[in-house]
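Asker: Sequence:
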Amino acid sequence: SRNVLVAVLDTGVDIDHPDLAGNIWVNPGEVANNGIDDDNNGYIDDVNGWDFIDNDNNVSPIPDSAVFDETVVLHGTHVAGTIGATGNNVEGVTGINWEVTILPIKVFDDDGNSTIAVIVEAMEYATSLGADVFNMSFGGYSNSQTEAAGIAEVVANGGLVVAAAGNDSLNIDDYPSYPVCYEDVLGVSAVDGDDGMAWFTNYGAGCVDVAAPGQSILSTYYTDDVTNGFVSPYGYLSGTSMATPVVSGIAALMLAVDDTLTNSDLTDIIIDSVDDIGLPELGAGRVNAAHAITATENFGGPTAVVISHNKTASGERSRGKRPSFTWNKPTSVASVSGYYVYFGRKRKDPLVAGDLQTSRQFRSRKKLKGNEKTYRLRIKAMDVDGNSSKLSEFLYVIDRKVQRPTWRSTAAIATGDVQLRWYKPKGEHVVGYKVYRATERTGKYQSLSGVITQKKYIDVTTQAGQTFFYKVRAIDDLGNISTLTGARRVSV
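First residue of the sequence shown? That's 236 in our numbering, and the numbers climb one at a time after it.
Since the hints were derived computationally from the structure, they do not count as laboratory data. Treat the hints with care, since some could be wrong.
To be verified - Below 30 angstroms or equal to it, Euclidean Cα-Cα: the simulated BS3-like pairs (lysine-lysine) are:
{"id": "1", "residue 1": "K546", "residue 2": "K564"}
{"id": "2", "residue 1": "K556", "residue 2": "K625"}
{"id": "3", "residue 1": "K661", "residue 2": "K625"}
{"id": "4", "residue 1": "K625", "residue 2": "K602"}
{"id": "5", "residue 1": "K601", "residue 2": "K691"}
{"id": "6", "residue 1": "K636", "residue 2": "K625"}
{"id": "7", "residue 1": "K625", "residue 2": "K546"}
{"id": "8", "residue 1": "K625", "residue 2": "K581"}
{"id": "9", "residue 1": "K564", "residue 2": "K625"}
{"id": "10", "residue 1": "K608", "residue 2": "K679"}
{"id": "11", "residue 1": "K691", "residue 2": "K546"}
{"id": "12", "residue 1": "K659", "residue 2": "K546"}
{"id": "13", "residue 1": "K669", "residue 2": "K679"}
{"id": "14", "residue 1": "K679", "residue 2": "K546"}
{"id": "15", "residue 1": "K659", "residue 2": "K604"}
{"id": "16", "residue 1": "K636", "residue 2": "K679"}
{"id": "17", "residue 1": "K546", "residue 2": "K556"}
Predicted model, so just to flag it, every value in this text is computed and none were measured.
Using the sequences and the hints given, assemble the complete structure.
Answerer: Okay, structure coming up:
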(Lines of atoms letter the chains of each structure in order from A; the text may use other names.)
(Lines give C-alpha, C1' and ligand atoms only; values in the text may rest on other atoms or scores of the structure.)
Protein backbone atom coordinates (compact mmCIF):
# COMPACT_ATOMS: atom_id res chain seq x y z
CA SER A 236 0.00 0.00 0.00
CA ARG A 237 1.33 3.42 -0.92
CA ASN A 238 -0.34 4.71 2.23
CA VAL A 239 2.56 3.17 4.17
CA LEU A 240 5.50 5.58 4.47
CA VAL A 241 9.00 4.19 5.04
CA ALA A 242 11.75 6.68 5.85
CA VAL A 243 15.15 5.61 4.52
CA LEU A 244 17.79 7.48 6.55
CA ASP A 245 20.88 6.76 4.51
CA THR A 246 23.30 8.10 1.88
CA GLY A 247 20.60 9.27 -0.50
CA VAL A 248 18.35 7.50 -2.99
CA ASP A 249 18.31 7.53 -6.79
CA ILE A 250 14.74 8.77 -7.12
CA ASP A 251 14.85 8.50 -10.93
CA HIS A 252 15.76 4.81 -10.92
CA PRO A 253 13.18 2.97 -13.10
CA ASP A 254 12.53 0.46 -10.30
CA LEU A 255 12.06 3.13 -7.62
CA ALA A 256 10.63 6.27 -9.22
CA GLY A 257 7.00 5.17 -8.91
CA ASN A 258 7.31 4.53 -5.18
CA ILE A 259 9.14 7.70 -4.12
CA TRP A 260 7.32 10.07 -1.77
CA VAL A 261 6.02 13.30 -3.32
CA ASN A 262 5.21 16.17 -0.97
CA PRO A 263 1.61 17.23 -1.71
CA GLY A 264 2.19 20.58 -0.01
CA GLU A 265 5.13 21.75 -2.15
CA VAL A 266 5.34 23.30 -5.61
CA ALA A 267 8.54 22.00 -7.17
CA ASN A 268 11.45 24.39 -7.64
CA ASN A 269 9.64 27.64 -6.90
CA GLY A 270 12.05 28.55 -4.12
CA ILE A 271 9.21 28.82 -1.58
CA ASP A 272 8.52 26.75 1.52
CA ASP A 273 4.91 26.20 0.46
CA ASP A 274 3.98 23.91 3.35
CA ASN A 275 5.79 26.04 5.97
CA ASN A 276 7.71 23.10 7.42
CA GLY A 277 11.08 24.86 7.30
CA TYR A 278 12.39 23.00 4.22
CA ILE A 279 12.18 24.83 0.90
CA ASP A 280 11.05 22.66 -2.04
CA ASP A 281 11.32 19.36 -0.14
CA VAL A 282 9.39 17.67 -2.92
CA ASN A 283 10.91 14.20 -2.46
CA GLY A 284 12.63 14.42 0.92
CA TRP A 285 15.64 16.30 2.26
CA ASP A 286 19.45 16.23 2.28
CA PHE A 287 20.44 17.01 5.87
CA ILE A 288 24.14 16.93 4.99
CA ASP A 289 24.06 19.73 2.42
CA ASN A 290 20.80 21.23 3.73
CA ASP A 291 19.02 21.17 0.39
CA ASN A 292 16.34 19.19 -1.41
CA ASN A 293 18.67 17.05 -3.55
CA VAL A 294 18.31 13.55 -2.08
CA SER A 295 20.43 11.95 -4.81
CA PRO A 296 23.60 10.13 -3.65
CA ILE A 297 25.67 11.90 -6.33
CA PRO A 298 29.23 12.35 -4.98
CA ASP A 299 30.21 15.83 -3.81
CA SER A 300 33.83 15.45 -4.91
CA ALA A 301 36.14 13.30 -7.01
CA VAL A 302 37.12 11.27 -3.94
CA PHE A 303 34.34 9.10 -2.52
CA ASP A 304 33.49 5.64 -1.21
CA GLU A 305 31.68 3.76 -3.98
CA THR A 306 29.82 1.41 -1.63
CA VAL A 307 28.61 4.34 0.46
CA VAL A 308 27.24 6.07 -2.63
CA LEU A 309 25.36 2.92 -3.68
CA HIS A 310 24.19 2.11 -0.15
CA GLY A 311 20.95 4.11 0.21
CA THR A 312 19.57 3.18 -3.20
CA HIS A 313 20.32 -0.50 -2.56
CA VAL A 314 18.50 -0.34 0.78
CA ALA A 315 15.50 1.43 -0.78
CA GLY A 316 15.22 -1.22 -3.48
CA THR A 317 15.06 -4.05 -0.97
CA ILE A 318 12.24 -2.29 0.85
CA GLY A 319 10.19 -1.17 -2.10
CA ALA A 320 11.44 -1.67 -5.65
CA THR A 321 8.37 -1.63 -7.90
CA GLY A 322 6.83 -4.99 -8.83
CA ASN A 323 5.21 -6.20 -12.06
CA ASN A 324 7.01 -3.59 -14.16
CA VAL A 325 9.37 -5.83 -16.16
CA GLU A 326 12.38 -4.25 -14.41
CA GLY A 327 15.23 -5.88 -12.54
CA VAL A 328 14.08 -6.59 -8.96
CA THR A 329 11.04 -6.43 -6.70
CA GLY A 330 11.02 -5.07 -3.16
CA ILE A 331 9.55 -6.79 -0.13
CA ASN A 332 6.67 -4.30 -0.38
CA TRP A 333 6.44 -3.50 -4.08
CA GLU A 334 3.74 -0.85 -3.62
CA VAL A 335 4.94 1.40 -0.80
CA THR A 336 6.00 5.00 -0.38
CA ILE A 337 9.70 5.57 0.25
CA LEU A 338 10.80 8.80 1.93
CA PRO A 339 14.46 9.45 0.99
CA ILE A 340 16.41 11.25 3.72
CA LYS A 341 20.11 11.83 3.19
CA VAL A 342 22.06 11.79 6.46
CA PHE A 343 25.52 10.64 5.28
CA ASP A 344 27.98 12.17 2.82
CA ASP A 345 29.76 10.20 0.09
CA ASP A 346 32.38 8.95 2.57
CA GLY A 347 29.84 7.82 5.16
CA ASN A 348 30.25 10.75 7.55
CA SER A 349 27.42 12.24 9.58
CA THR A 350 26.61 13.72 13.00
CA ILE A 351 24.12 12.94 15.74
CA ALA A 352 22.52 16.36 15.21
CA VAL A 353 21.90 15.55 11.54
CA ILE A 354 20.35 12.16 12.32
CA VAL A 355 18.11 13.53 15.07
CA GLU A 356 16.85 16.38 12.88
CA ALA A 357 16.16 13.87 10.11
CA MET A 358 14.13 11.72 12.50
CA GLU A 359 12.12 14.77 13.57
CA TYR A 360 11.47 15.61 9.91
CA ALA A 361 10.28 12.10 9.06
CA THR A 362 8.12 12.00 12.19
CA SER A 363 6.46 15.28 11.20
CA LEU A 364 5.54 13.69 7.86
CA GLY A 365 3.98 10.67 9.56
CA ALA A 366 6.55 8.03 8.64
CA ASP A 367 5.47 4.57 9.77
CA VAL A 368 8.82 2.76 9.54
CA PHE A 369 12.33 4.18 9.97
CA ASN A 370 15.06 2.14 8.29
CA MET A 371 18.46 2.80 9.89
CA SER A 372 21.07 0.69 8.13
CA PHE A 373 23.95 2.27 10.04
CA GLY A 374 25.57 2.27 13.44
CA GLY A 375 28.53 3.09 15.63
CA TYR A 376 29.89 2.37 19.07
CA SER A 377 29.19 5.72 20.76
CA ASN A 378 26.14 6.12 22.98
CA SER A 379 24.32 9.45 22.63
CA GLN A 380 21.56 10.59 24.96
CA THR A 381 20.45 13.00 22.23
CA GLU A 382 20.08 10.21 19.68
CA ALA A 383 18.36 7.97 22.24
CA ALA A 384 15.88 10.75 23.01
CA GLY A 385 15.27 11.25 19.29
CA ILE A 386 14.47 7.58 18.83
CA ALA A 387 12.22 7.62 21.90
CA GLU A 388 10.30 10.49 20.32
CA VAL A 389 9.90 8.53 17.07
CA VAL A 390 8.57 5.55 19.01
CA ALA A 391 6.27 7.74 21.11
CA ASN A 392 4.75 9.02 17.87
CA GLY A 393 4.10 5.49 16.61
CA GLY A 394 7.11 4.96 14.37
CA LEU A 395 8.89 1.61 14.15
CA VAL A 396 12.69 1.94 14.20
CA VAL A 397 14.55 -0.91 12.47
CA ALA A 398 18.35 -0.82 12.81
CA ALA A 399 21.36 -2.83 11.68
CA ALA A 400 23.46 -4.82 14.15
CA GLY A 401 26.75 -3.94 12.41
CA ASN A 402 29.43 -5.77 10.49
CA ASP A 403 32.39 -6.26 12.86
CA SER A 404 31.70 -9.85 14.05
CA LEU A 405 31.31 -8.51 17.60
CA ASN A 406 29.06 -9.45 20.48
CA ILE A 407 27.26 -6.13 20.89
CA ASP A 408 25.90 -7.16 24.25
CA ASP A 409 29.50 -6.67 25.38
CA TYR A 410 30.43 -3.88 22.92
CA PRO A 411 27.15 -2.03 22.33
CA SER A 412 26.44 -0.52 18.94
CA TYR A 413 23.94 2.25 18.35
CA PRO A 414 21.19 2.84 17.39
CA VAL A 415 20.53 -0.92 17.44
CA CYS A 416 21.13 -1.21 21.22
CA TYR A 417 18.81 1.64 22.19
CA GLU A 418 15.49 0.81 23.86
CA ASP A 419 12.53 0.03 21.56
CA VAL A 420 14.65 -0.50 18.43
CA LEU A 421 14.07 -3.63 16.35
CA GLY A 422 17.62 -4.93 15.87
CA VAL A 423 18.60 -6.99 12.82
CA SER A 424 21.53 -9.37 12.30
CA ALA A 425 22.44 -11.11 9.04
CA VAL A 426 22.35 -14.70 7.83
CA ASP A 427 23.71 -16.20 4.64
CA GLY A 428 21.78 -18.14 2.02
CA ASP A 429 21.89 -21.32 4.12
CA ASP A 430 20.53 -19.68 7.29
CA GLY A 431 24.00 -19.69 8.80
CA MET A 432 25.53 -16.75 10.62
CA ALA A 433 26.94 -14.33 8.04
CA TRP A 434 30.70 -14.12 8.60
CA PHE A 435 30.60 -10.36 9.23
CA THR A 436 27.49 -9.91 11.35
CA ASN A 437 27.45 -8.53 14.86
CA TYR A 438 25.38 -10.54 17.30
CA GLY A 439 24.02 -10.56 20.85
CA ALA A 440 20.56 -11.53 22.05
CA GLY A 441 20.34 -8.44 24.25
CA CYS A 442 20.40 -6.01 21.31
CA VAL A 443 19.49 -8.17 18.32
CA ASP A 444 15.87 -9.24 17.89
CA VAL A 445 15.77 -11.06 14.54
CA ALA A 446 17.97 -12.13 11.65
CA ALA A 447 17.40 -11.59 7.94
CA PRO A 448 19.25 -12.44 4.72
CA GLY A 449 22.17 -10.05 4.32
CA GLN A 450 24.80 -11.74 2.17
CA SER A 451 25.05 -11.11 -1.59
CA ILE A 452 21.71 -9.31 -1.82
CA LEU A 453 20.66 -8.13 -5.29
CA SER A 454 18.99 -4.73 -5.36
CA THR A 455 18.91 -1.35 -7.06
CA TYR A 456 22.05 0.72 -7.64
CA TYR A 457 22.54 4.45 -8.09
CA THR A 458 22.98 4.73 -11.85
CA ASP A 459 23.07 6.98 -14.94
CA ASP A 460 26.07 8.91 -13.57
CA VAL A 461 28.72 8.29 -16.20
CA THR A 462 30.91 11.09 -14.86
CA ASN A 463 31.49 9.26 -11.58
CA GLY A 464 31.35 5.76 -13.05
CA PHE A 465 27.93 4.66 -11.81
CA VAL A 466 26.30 2.96 -14.79
CA SER A 467 24.96 -0.38 -13.52
CA PRO A 468 21.30 -0.21 -12.40
CA TYR A 469 21.52 -3.32 -10.19
CA GLY A 470 24.12 -5.11 -8.11
CA TYR A 471 24.99 -7.18 -5.05
CA LEU A 472 25.95 -5.90 -1.61
CA SER A 473 26.41 -7.65 1.74
CA GLY A 474 25.98 -6.49 5.31
CA THR A 475 23.50 -6.11 8.12
CA SER A 476 22.60 -2.94 6.21
CA MET A 477 21.13 -5.23 3.56
CA ALA A 478 19.32 -7.40 6.13
CA THR A 479 17.66 -4.45 7.87
CA PRO A 480 15.51 -3.32 4.90
CA VAL A 481 14.18 -6.87 4.57
CA VAL A 482 12.62 -6.41 8.02
CA SER A 483 11.49 -2.86 7.25
CA GLY A 484 9.83 -4.14 4.09
CA ILE A 485 8.02 -6.87 6.02
CA ALA A 486 6.76 -4.30 8.54
CA ALA A 487 5.51 -2.12 5.69
CA LEU A 488 3.78 -5.12 4.11
CA MET A 489 2.07 -5.90 7.41
CA LEU A 490 0.80 -2.32 7.64
CA ALA A 491 -0.59 -2.67 4.13
CA VAL A 492 -2.66 -5.59 5.43
CA ASP A 493 -3.67 -3.88 8.69
CA ASP A 494 -2.90 -0.20 9.18
CA THR A 495 -4.14 -0.27 12.78
CA LEU A 496 -1.07 -2.20 13.97
CA THR A 497 1.04 -0.24 16.45
CA ASN A 498 4.84 -0.32 16.48
CA SER A 499 4.60 -2.74 19.43
CA ASP A 500 2.26 -4.98 17.44
CA LEU A 501 4.64 -4.99 14.48
CA THR A 502 7.61 -5.88 16.67
CA ASP A 503 5.76 -8.66 18.47
CA ILE A 504 4.41 -10.25 15.29
CA ILE A 505 7.73 -10.08 13.43
CA ILE A 506 9.57 -11.69 16.35
CA ASP A 507 6.88 -14.31 17.01
CA SER A 508 6.64 -15.36 13.34
CA VAL A 509 10.34 -16.13 12.71
CA ASP A 510 11.81 -19.48 11.72
CA ASP A 511 14.03 -20.89 14.46
CA ILE A 512 17.49 -21.45 12.95
CA GLY A 513 19.18 -22.48 16.20
CA LEU A 514 21.28 -19.32 16.54
CA PRO A 515 19.85 -17.42 19.53
CA GLU A 516 22.72 -14.93 19.45
CA LEU A 517 21.24 -13.66 16.17
CA GLY A 518 17.85 -13.02 17.79
CA ALA A 519 14.65 -15.03 17.91
CA GLY A 520 15.23 -16.48 14.45
CA ARG A 521 15.23 -15.62 10.75
CA VAL A 522 12.26 -13.51 9.67
CA ASN A 523 9.52 -15.12 7.62
CA ALA A 524 7.39 -12.68 5.64
CA ALA A 525 4.65 -15.21 4.86
CA HIS A 526 4.27 -16.16 8.51
CA ALA A 527 4.22 -12.48 9.54
CA ILE A 528 1.44 -11.69 7.07
CA THR A 529 -0.60 -14.71 8.17
CA ALA A 530 -0.18 -13.66 11.79
CA THR A 531 -1.25 -10.14 10.86
CA GLU A 532 -4.40 -11.42 9.18
CA ASN A 533 -5.20 -13.53 12.23
CA PHE A 534 -4.08 -10.98 14.81
CA GLY A 535 -6.11 -12.05 17.75
CA GLY A 536 -8.29 -11.12 20.62
CA PRO A 537 -11.59 -9.27 20.57
CA THR A 538 -12.74 -7.31 17.57
CA ALA A 539 -11.78 -3.65 17.56
CA VAL A 540 -14.28 -1.27 19.12
CA VAL A 541 -15.98 1.55 17.21
CA ILE A 542 -15.48 4.92 18.89
CA SER A 543 -18.14 7.65 18.67
CA HIS A 544 -18.27 11.33 19.54
CA ASN A 545 -21.69 12.93 19.71
CA LYS A 546 -20.87 15.98 17.59
CA THR A 547 -18.08 15.20 15.14
CA ALA A 548 -16.62 12.38 13.12
CA SER A 549 -13.00 11.34 13.48
CA GLY A 550 -10.72 13.98 11.97
CA GLU A 551 -13.30 16.77 11.96
CA ARG A 552 -12.59 20.03 13.76
CA SER A 553 -14.45 20.94 16.93
CA ARG A 554 -14.55 23.71 19.53
CA GLY A 555 -15.46 21.40 22.43
CA LYS A 556 -12.91 21.77 25.23
CA ARG A 557 -13.70 18.56 27.11
CA PRO A 558 -14.92 16.00 24.57
CA SER A 559 -16.74 12.83 25.61
CA PHE A 560 -16.58 9.53 23.73
CA THR A 561 -18.33 6.17 23.85
CA TRP A 562 -17.70 2.84 22.15
CA ASN A 563 -19.37 -0.50 21.62
CA LYS A 564 -18.69 -3.77 23.40
CA PRO A 565 -16.92 -6.29 21.14
CA THR A 566 -19.23 -9.13 20.11
CA SER A 567 -16.48 -11.56 19.14
CA VAL A 568 -15.83 -12.76 22.69
CA ALA A 569 -18.11 -13.77 25.53
CA SER A 570 -16.43 -11.65 28.16
CA VAL A 571 -14.37 -8.45 27.98
CA SER A 572 -12.23 -7.69 31.01
CA GLY A 573 -11.65 -4.04 30.20
CA TYR A 574 -10.25 -1.43 27.85
CA TYR A 575 -6.85 0.19 27.70
CA VAL A 576 -7.42 3.84 26.85
CA TYR A 577 -4.87 6.45 25.77
CA PHE A 578 -5.74 10.08 25.00
CA GLY A 579 -3.04 12.49 23.89
CA ARG A 580 -1.11 14.04 21.01
CA LYS A 581 1.18 11.10 20.21
CA ARG A 582 0.62 7.74 18.50
CA LYS A 583 1.20 5.67 21.63
CA ASP A 584 0.13 2.07 22.18
CA PRO A 585 -2.69 2.02 24.77
CA LEU A 586 -1.28 -1.19 26.26
CA VAL A 587 1.91 0.70 27.09
CA ALA A 588 0.79 4.28 27.72
CA GLY A 589 -2.92 3.93 28.48
CA ASP A 590 -5.05 3.31 31.55
CA LEU A 591 -7.20 0.22 32.07
CA GLN A 592 -10.90 0.85 32.65
CA THR A 593 -14.11 -1.17 32.50
CA SER A 594 -16.40 1.67 31.41
CA ARG A 595 -17.14 2.20 27.72
CA GLN A 596 -17.03 5.96 28.10
CA PHE A 597 -14.22 8.49 28.22
CA ARG A 598 -14.10 12.23 28.82
CA SER A 599 -11.00 14.39 28.65
CA ARG A 600 -9.82 15.32 32.14
CA LYS A 601 -8.30 18.60 31.02
CA LYS A 602 -9.70 21.44 28.98
CA LEU A 603 -8.23 21.34 25.50
CA LYS A 604 -7.07 24.40 23.63
CA GLY A 605 -5.26 25.19 20.43
CA ASN A 606 -5.52 25.94 16.75
CA GLU A 607 -6.22 22.68 14.88
CA LYS A 608 -4.35 20.46 17.32
CA THR A 609 -5.05 16.76 16.91
CA TYR A 610 -5.64 14.55 19.93
CA ARG A 611 -5.79 10.78 19.58
CA LEU A 612 -8.17 8.55 21.52
CA ARG A 613 -6.68 5.06 21.19
CA ILE A 614 -8.35 1.99 22.64
CA LYS A 615 -7.64 -1.73 22.84
CA ALA A 616 -10.17 -4.12 24.33
CA MET A 617 -8.97 -7.02 26.50
CA ASP A 618 -10.63 -10.40 26.92
CA VAL A 619 -10.49 -12.51 30.10
CA ASP A 620 -7.59 -14.54 28.68
CA GLY A 621 -5.43 -11.45 28.29
CA ASN A 622 -5.78 -11.11 24.51
CA SER A 623 -6.03 -7.59 23.14
CA SER A 624 -8.03 -6.31 20.20
CA LYS A 625 -6.63 -4.41 17.28
CA LEU A 626 -6.20 -0.71 17.81
CA SER A 627 -9.17 1.63 17.52
CA GLU A 628 -8.46 5.32 17.07
CA PHE A 629 -10.51 8.52 16.98
CA LEU A 630 -8.87 11.78 15.92
CA TYR A 631 -10.25 14.74 17.82
CA VAL A 632 -9.17 18.05 16.31
CA ILE A 633 -9.57 20.96 18.70
CA ASP A 634 -9.86 24.33 16.97
CA ARG A 635 -10.58 27.26 19.23
CA LYS A 636 -8.47 29.87 17.47
CA VAL A 637 -8.15 31.48 14.08
CA GLN A 638 -5.15 33.50 13.01
CA ARG A 639 -5.66 37.12 12.10
CA PRO A 640 -5.32 38.42 8.53
CA THR A 641 -2.24 40.30 7.32
CA TRP A 642 -2.39 43.58 5.49
CA ARG A 643 -1.87 43.73 1.74
CA SER A 644 -2.46 47.42 1.03
CA THR A 645 -4.30 50.51 2.26
CA ALA A 646 -4.75 53.67 0.24
CA ALA A 647 -6.91 56.73 -0.31
CA ILE A 648 -8.34 56.49 -3.84
CA ALA A 649 -9.41 59.14 -6.35
CA THR A 650 -13.02 59.20 -5.21
CA GLY A 651 -11.92 60.29 -1.76
CA ASP A 652 -12.73 56.90 -0.30
CA VAL A 653 -10.30 54.50 1.40
CA GLN A 654 -9.56 51.08 -0.10
CA LEU A 655 -8.36 48.31 2.19
CA ARG A 656 -6.95 44.93 1.11
CA TRP A 657 -5.65 42.03 3.18
CA TYR A 658 -4.54 38.43 2.92
CA LYS A 659 -6.44 35.44 4.24
CA PRO A 660 -4.54 33.76 7.10
CA LYS A 661 -2.83 30.74 5.59
CA GLY A 662 -4.33 27.34 6.35
CA GLU A 663 -7.37 28.72 8.16
CA HIS A 664 -11.05 27.98 7.44
CA VAL A 665 -12.06 31.63 7.21
CA VAL A 666 -15.62 32.45 6.17
CA GLY A 667 -15.62 36.19 6.78
CA TYR A 668 -14.01 39.37 8.05
CA LYS A 669 -14.97 42.47 10.03
CA VAL A 670 -13.44 45.91 9.52
CA TYR A 671 -12.90 48.49 12.26
CA ARG A 672 -11.90 52.17 12.22
CA ALA A 673 -10.66 54.80 14.67
CA THR A 674 -9.49 58.40 14.38
CA GLU A 675 -6.50 57.77 16.64
CA ARG A 676 -4.12 54.80 16.59
CA THR A 677 -4.80 53.97 20.24
CA GLY A 678 -8.39 55.20 20.17
CA LYS A 679 -11.64 53.27 20.26
CA TYR A 680 -12.21 51.24 17.09
CA GLN A 681 -15.77 51.13 15.77
CA SER A 682 -17.10 48.39 13.51
CA LEU A 683 -17.54 49.58 9.92
CA SER A 684 -19.09 46.43 8.53
CA GLY A 685 -20.98 43.30 9.29
CA VAL A 686 -19.31 40.06 8.30
CA ILE A 687 -17.98 40.36 4.74
CA THR A 688 -16.57 37.54 2.65
CA GLN A 689 -14.21 39.45 0.37
CA LYS A 690 -10.60 40.23 1.27
CA LYS A 691 -11.11 43.92 0.57
CA TYR A 692 -13.27 46.80 1.76
CA ILE A 693 -13.92 50.35 0.55
CA ASP A 694 -14.71 52.88 3.25
CA VAL A 695 -17.07 55.44 1.67
CA THR A 696 -17.72 57.32 4.91
CA THR A 697 -14.40 59.18 5.03
CA GLN A 698 -13.94 62.93 5.12
CA ALA A 699 -11.28 64.89 3.27
CA GLY A 700 -8.44 66.23 5.38
CA GLN A 701 -8.74 63.57 8.04
CA THR A 702 -6.58 60.62 9.06
CA PHE A 703 -8.07 57.25 9.91
CA PHE A 704 -6.73 54.02 11.41
CA TYR A 705 -8.04 50.62 10.33
CA LYS A 706 -7.97 47.10 11.73
CA VAL A 707 -9.44 43.80 10.48
CA ARG A 708 -10.26 40.48 12.12
CA ALA A 709 -11.14 37.05 10.68
CA ILE A 710 -13.97 34.66 11.55
CA ASP A 711 -13.82 30.95 10.74
CA ASP A 712 -16.53 28.37 10.05
CA LEU A 713 -16.67 27.27 13.69
CA GLY A 714 -17.28 30.79 14.92
CA ASN A 715 -13.76 31.45 16.17
CA ILE A 716 -12.83 35.14 16.00
CA SER A 717 -9.25 36.28 15.53
CA THR A 718 -7.49 39.11 17.26
CA LEU A 719 -7.35 42.41 15.37
CA THR A 720 -4.58 43.17 12.94
CA GLY A 721 -2.18 45.96 13.63
CA ALA A 722 -3.49 49.43 12.80
CA ARG A 723 -2.95 50.87 9.30
CA ARG A 724 -2.92 54.67 8.93
CA VAL A 725 -4.57 56.34 5.92
CA SER A 726 -4.82 60.09 5.30
CA VAL A 727 -7.58 61.30 2.99
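Asker: Now, for every hint given, state plainly whether the structure supports it.
Answerer: Comparing the hints with the structure gives:
{"no.": "1", "hint": "K546 x K564", "verdict": "holds (21 angstroms)"}
{"no.": "2", "hint": "K556 x K625", "verdict": "holds (28 angstroms)"}
{"no.": "3", "hint": "K661 x K625", "verdict": "violated (37 angstroms)"}
{"no.": "4", "hint": "K625 x K602", "verdict": "holds (29 angstroms)"}
{"no.": "5", "hint": "K601 x K691", "verdict": "violated (40 angstroms)"}
{"no.": "6", "hint": "K636 x K625", "verdict": "violated (34 angstroms)"}
{"no.": "7", "hint": "K625 x K546", "verdict": "holds (25 angstroms)"}
{"no.": "8", "hint": "K625 x K581", "verdict": "holds (18 angstroms)"}
{"no.": "9", "hint": "K564 x K625", "verdict": "holds (14 angstroms)"}
{"no.": "10", "hint": "K608 x K679", "verdict": "violated (34 angstroms)"}
{"no.": "11", "hint": "K691 x K546", "verdict": "violated (34 angstroms)"}
{"no.": "12", "hint": "K659 x K546", "verdict": "holds (28 angstroms)"}
{"no.": "13", "hint": "K669 x K679", "verdict": "holds (15 angstroms)"}
{"no.": "14", "hint": "K679 x K546", "verdict": "violated (39 angstroms)"}
{"no.": "15", "hint": "K659 x K604", "verdict": "holds (22 angstroms)"}
{"no.": "16", "hint": "K636 x K679", "verdict": "holds (24 angstroms)"}
{"no.": "17", "hint": "K546 x K556", "verdict": "holds (12 angstroms)"}
When the structure is compared with the earlier hints, violations turn up for hints 3, 5, 6, 10, 11 and 14 and for no others.
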